[in-house]
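There are 6 protein chains.
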Amino acid sequence: MRHCLIGKFPGVPPATVCILGGGIVGTNAAKIALGMGANVTIVDLNLNRLRELDDIFNGRVYTLASNSYNVARAVQNADLLIGGVLIPGASAPRIVTRQMISRMKKGAVVVDVAIDQGGCIETAKPTTHSDPSYVVDGVVHYCVTNMPAAVPNTSTLALTNATFPYVLRLAQHGAAAAIKADPGMCEGVNTYAGELTYKAVAQSLGREWKPVMDLLH
Amino acid sequence: MRHCLIGKFPGVPPATVCILGGGIVGTNAAKIALGMGANVTIVDLNLNRLRELDDIFNGRVYTLASNSYNVARAVQNADLLIGGVLIPGASAPRIVTRQMISRMKKGAVVVDVAIDQGGCIETAKPTTHSDPSYVVDGVVHYCVTNMPAAVPNTSTLALTNATFPYVLRLAQHGAAAAIKADPGMCEGVNTYAGELTYKAVAQSLGREWKPVMDLLH
Amino acid sequence: MRHCLIGKFPGVPPATVCILGGGIVGTNAAKIALGMGANVTIVDLNLNRLRELDDIFNGRVYTLASNSYNVARAVQNADLLIGGVLIPGASAPRIVTRQMISRMKKGAVVVDVAIDQGGCIETAKPTTHSDPSYVVDGVVHYCVTNMPAAVPNTSTLALTNATFPYVLRLAQHGAAAAIKADPGMCEGVNTYAGELTYKAVAQSLGREWKPVMDLLH
Amino acid sequence: MRHCLIGKFPGVPPATVCILGGGIVGTNAAKIALGMGANVTIVDLNLNRLRELDDIFNGRVYTLASNSYNVARAVQNADLLIGGVLIPGASAPRIVTRQMISRMKKGAVVVDVAIDQGGCIETAKPTTHSDPSYVVDGVVHYCVTNMPAAVPNTSTLALTNATFPYVLRLAQHGAAAAIKADPGMCEGVNTYAGELTYKAVAQSLGREWKPVMDLLH
Amino acid sequence: MRHCLIGKFPGVPPATVCILGGGIVGTNAAKIALGMGANVTIVDLNLNRLRELDDIFNGRVYTLASNSYNVARAVQNADLLIGGVLIPGASAPRIVTRQMISRMKKGAVVVDVAIDQGGCIETAKPTTHSDPSYVVDGVVHYCVTNMPAAVPNTSTLALTNATFPYVLRLAQHGAAAAIKADPGMCEGVNTYAGELTYKAVAQSLGREWKPVMDLLH
Amino acid sequence: MRHCLIGKFPGVPPATVCILGGGIVGTNAAKIALGMGANVTIVDLNLNRLRELDDIFNGRVYTLASNSYNVARAVQNADLLIGGVLIPGASAPRIVTRQMISRMKKGAVVVDVAIDQGGCIETAKPTTHSDPSYVVDGVVHYCVTNMPAAVPNTSTLALTNATFPYVLRLAQHGAAAAIKADPGMCEGVNTYAGELTYKAVAQSLGREWKPVMDLLH
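These protein sequences, in sequence, are chains A, B, C, D, E and F. The opening residue of the first sequence carries number 1 in this note's numbering; numbering runs sequentially from there. The opening residue of the second sequence carries number 1 in this note's numbering; numbering runs sequentially from there. The opening residue of the third sequence carries number 1 in this note's numbering; numbering runs sequentially from there. The opening residue of the fourth sequence carries number 1 in this note's numbering; numbering runs sequentially from there. The opening residue of the fifth sequence carries number 1 in this note's numbering; numbering runs sequentially from there. The opening residue of the sixth sequence carries number 1 in this note's numbering; numbering runs sequentially from there.
Chain A on its own, in the form it takes in the complex:
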């Protein structure tokens, strides 16, 4: 951090936070940054999502259409840059270049939450909870993989809330019936009966795959 407080102090300009991606990661990052008093901008490609964000935040965040001009300008102004651009099951797109990072203020901070999918910031590389940060061009990078592991109490409850309904259905109906009955569960199957069944995983490993529905009778 540029040794500046994210929180707001009367008479002192607040920290500027730029968040890439208005999905779950970005929206929650925005809630916290805004709650701490920062000047928050969310960049997203999807105009409908920007409209929803405007409604959700009651106009308190600035929304910006994603294009290279807007990204470059928003990154340059940021004291804190949060990368939250994810494509489920695929590599994250690299929308922030090293050149953009090099124009940030010295001491600014970059957090790439997309690091588990390879990161959406060119200078991001995976770090660990024990040695979490490094510096590129005077900018501090925090790119710990599996960030939720830092707060295991909350993460466990949150993950259980999301997975428990599936577990219940597996227990009640058995795997084959549960998969057939629920397209959402079907999409989540990675292997079945000894075969790879998830296309994106197969492609990134260069292997064969079969649709899980073909393997069920």
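A few of these clues could be false.
Listing some non-contacts, in silico: residues in chain C with all C-beta distances to chain D over 12 Å [to be verified]:
1. Pro132
2. Val136
3. Thr145
4. His173
5. Leu205
Sample of chain A residues at the chain C side, in silico, Cβ under 7 Å [unchecked claim]:
6. Leu47
7. Asp55
8. Ala65
Hints are computed from structural coordinates only; laboratory data are not their basis. It should be emphasised that the depicted structure is a prediction, and the values quoted were computed from it without experimental measurement. C-beta: ideal position from N, C-alpha, C; glycine also.
Please arrange chains B, C, D, E and F on chain A, whose structure you already have, making use of the hints.
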């Protein structure tokens, strides 16, 4: 106006409004600008007032301590600059110089609400409702004197609400008794028994004055 | 305007704003009117949309089911009436009659944003930015066509944000492939290969039309 | 109640609540009515208090300067009228006349919280928790004396919070020293050494009184 | 009620309200309880709905994933428990057991809005507006059937807003055509041409039924 | 930290933050904790301050009157306890005992911002930015002296905003005249003309002192 909307549009950066002075003029200007979706900064000398503004606006405006560095920077970034620095009964201090104005974006707008006390912006000069604006260094100036006259319905009610309690007391007790009983009313007396009784007016006209209390028996 | 301020003044009743239609026009008009301190009512036919508006505005606007009784009463109370009822590609329905307008307060203001589709207020007729308003039954009408043209900076960015993804797809894939791949783009095609392809336009001009999909191979 | 819900229902106009007096009673009544979704107006004489209320409620209540015209109009529109005008130690002023009450909608409700000081509404007379309401001119009146007694758990804690610091000082320093040291406690003494010491009580009972400070050595 | 105020009093802990179900009943109950100053928790099975509730309430309610552990704990802490878990056309699931009720504080209050579908709380049994409540294990139960009947003015408008569009279509097109054209209306038909056409009703009465579409030509 | 997130996650109970003292430290701590989504309670002795906090936070924090029963209960429930009870120029009162700390959840966190005045929590002892925390009874303590030093950019601006007006007056009028003219500055003088002039400092060091006004001519 730089042909930009004060209102917020998803994906487009909002207008930046800089307000000089956090008193009644500035606070109400901020409420409206904020309500329209602008990025609002209030500049004031008084740190306690900045703290109160932070509480009143629930952190939605940026507050800035008034000094020439901060004023220059805030003016330069503004799409709309509102001058609301007033000293009751005296000339407004000129805290924005012509040089600061010349560094604003072309098409930016300046409104000097302090114009009835001479204005707090160097390039401000009085205009009228029929010919309200002029341009200096590419910046549009709106410096209509007696601005509330544009909304006489609201202004009349607002003014009556403020003055009616005094009128009532004058009617009930007579002028002398009402003035003696109420230091607030005493401060508002400009002439009494043929004498000037208001120091600031006397000084700005280079005339003699007497305290009104000395003229009452 | 009835020479009354939309903004709120302590101790003085605020202006009453009635907005017809809770879509994008109406929702944004409500945000600004509310932000300025007005008493805002949105009238819409769609009960689910009224529920959403209640959530979005956190209960700060009054929502009203659209029927002729409710419209008549809301119009009569309004200091400012905004018409934002639009049916894409068709004429706007005329839901406010001249009789309703004639019962408004003298000096009240009507803005018909639906004027580009013929207006949703019976007394509305197109005006221009140079001569924007006229008076009917003591009520000021502002019905400038192409209102966004007044703020070209903002409008251009907003429009570009919305159209740019389509332009990108046209550039990457060519017109035929882009239209085939995207039902949204398909719906937007007005003419193709010398034929009218948009039903509503064809009908309002009394001409033949063909579905664009029939013209693509 | 006019058999209408105070809470807000999308598409249905909310209840209108008029609150007389912007002190502790009125402000808390407004918080709850507003929270339930009502259209709330607070009437008060003090312009500075109206300004504070505007800040506290972030513009969500309508404030109205108190005069007979405004009171009459606000009372007439109300579905629920709350009287909260109190003068400490004296009778409440009767600012709502029977004529105003008779113009309210049939089934409207009046709650006079000032009833313990005689009520600020002409038609109010004390009732009890067991037989709490009566009807005048079709308007339901609820004027239970000692209303906090209905929620003894909360009232006891709230009262104890307010009185405990005084009890502590009495215990630590004794009555005479505690009264001398604290003008606030001094003002609260009703009798001392066999004498009435509270002017307003003495006057309303037509008895003699002495300042408590004269009775302390 | 435990003789405690739902409204908030500075320095006194607020009432704790637990709401089962985050649908229309639960969301509106939460708005009012929150508006009155309570500490509000909403329990729901659907994680996406919990996320939406978090956005709608701007983080002001606590959301809890529904499972027997969480329900038991939330019920135990509540001063007021509201049951709003409904399955359209079927019996409500009994998610609160008598044992959970018996662990609530003495004087706590239970309102089962699902009572018209049998209630979602084991100890709930239907009551009437004239004798609305009873006590089980020291906990006051309010389980009036057809609760909206208490506010007929509001309920009639709200119900009319929801049903009027269907009535209009029936009047314009006749029953058969209206049912065929609108799957929503089709789902609402209970009997047609002398046959039961609503599956859930038929099942709960142990009778035969036919799909309405089979009865239309 | 109990390895739980302060931020809010739908369906998971938020962290509970207890803040002792509702002054500048406590109010700002509450703003940030609330912004992050925590369940926040502020404990203060002053009932008027609790009322102001209720207005400032719009009912979003729970306020609690300070007494040993309330403090003990609030501390026991807290995941994060912040000590912000300060008496200017004197030692902070120790309002949290070791016994209260020992009843906190294992892994809970204590931050004593009053540590520069000795701390308001019995188990607090000064630590440094390089070795900031230690554990007592399973509770993590963070009691770094001069905490603002961690964010020197913000702290310097904030401190300068507060001190600059005094520096200006010293420069314009000289020390003696500035002190005479301003009771606030007078109160801040610690030594003058070789004498100790600040009573609390003198008392805590067991030395003589003289009022600064006696040393000025």
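Status of the hints after comparison with the structure:
1. Pro132: Holds, because the least Cβ-Cβ distance between Pro132 of chain C and chain D comes to about 29 Å, which exceeds 12 Å.
2. Val136: holds, 27 Å
3. Thr145: Holds, since 31 Å exceeds 12 Å.
4. His173: It holds; His173 of chain C is separated from chain D by about 43 Å at its closest Cβ, greater than 12 Å.
5. Leu205: holds, 37 Å
6. Leu47: With Cβ-Cβ at 6 Å, under 7 Å, it holds.
7. Asp55: With a minimum Cβ separation of about 5 Å from chain C (threshold 7 Å), the hint on Asp55 of chain A holds.
8. Ala65: holds, 4 Å
Figure legend: structure checked against the earlier numbered hints; every hint is met.
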